[in-house]
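Q: Using the sequences provided together with the hints, build the complete structure.
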Amino acid sequence: MRKSLVALTLAAAAVPMLIGVAGLPRPGDGSAPAHTHVVARYIAEGAQETGAGNLVTGVLLNYRAFDTFGEVMVIFAALAAVMAVLMPAAPSRPAGTPGNGTGGLQVSPVVAFIVRLTAPFIAIFGAFVIFKGHVSPGGGFQGGVILGALLMLLSVVMGRGMQAPLVPVRLARWLQASAPLAFAGVACLGLALTGTLLGYPAAPEMALVRELMMIVLELGIGIGGAAIILGLFLAMRGD
Amino acid sequence: MSQLFDLVMLALLISMALAVARSKDLVAAAIIFSGYSLVMCLLWQHRGAPDVAMTEAAIGAGVTTILVLVAIGRTCRREK
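Protein sequence lines, in the order shown, are assigned to chains A and B.
Per the working numbering: the first sequence = residues 1 to 239.
Per the working numbering: the second sequence = residues 1 to 80.
These are calculated hints, taken from the structure and not from any lab test.
From the three backbone atoms N, C-alpha and C, an ideal C-beta is built for every residue, glycine too.
Take the hints with a grain of salt, since some may be wrong.
To be verified - Okay, the calculated beta carbon distance ranges per label pair:
| no. | chain 1 | residue 1 | chain 2 | residue 2 | range |
| --- | --- | --- | --- | --- | --- |
| 1 | B | A71 | A | A40 | 28 to 36 Å |
| 2 | B | H46 | A | R116 | 29 to 37 Å |
| 3 | B | R78 | A | A127 | 37 to 45 Å |
| 4 | A | A203 | B | A28 | 54 to 62 Å |
As the list claims (entries may be wrong) - To give an idea of the chain A side of the interface with chain B (calculated C-beta under 7 Å), a few residues:
| no. | residue |
| --- | --- |
| 5 | L55 |
| 6 | V135 |
| 7 | P137 |
| 8 | Q142 |
| 9 | A149 |
| 10 | M236 |
A: Encoded structure:
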């Protein structure tokens, strides 16, 4: 009875969804609505207007900068929520008995060695992805996540945690907020230079300023992303 | 050839999703889900979205899996 009810509900949900999918334009169809409005202009003039060789970054940081601002706020809010829920319960063992910082995990020496061996390469790659983000695939989000994953690995292997944090807790809070802060800074700079929030100066001789603003955003997103991922991991591990 | 690749990958995705849903061992489910993200990452790359592919590989296959494993470590491993 219950199973047939579930199957019926699933079918009832699936039919309209499949009808909707069948009504979508074919991939790559030039006359699809998604390709006929603003996208044509993005593709034709995006590289010129934004100075970003990678159109995805151009859209993310210029045309849709406010959306990206919202996105980094969401990520920051997610960390704040995790901390609000988990942090009070963090000292899971009585004070004065320091844990080994691995959350009860026994790390094999082979894994530890491999992580230490590859760590510098991962770090370089993360930085490369952040800085090359405006000319090739990648950018602040991707590079930040790579760096964050590296920090997670290292905190497992090196036994760093809440007891022996990599940076002081107060500094870590600022690093975790660096993406919204970078956006706020660039938004105010844009206000001062062009009169609109997050506006980029359009004059050709301001190309360097434009580039710098994008690099600040990428760096902020990257550092903030890495710090937030490490913060999520440490808050959840809670040792 | 390109169609065949898509079909194989999509079939893999569906079978992995079913395996995740059916698995009672949550660690196994988490690892299969990480594999799901890797296949998804290949698909993104194949559809010409390298930015999304990178994010999928790093967040979907890497960070999410570790966070899920940490959560399992703080609760219990087997689904009741």
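Q: Broken hints, numbered, in rising order?
A: 1, 5, 6
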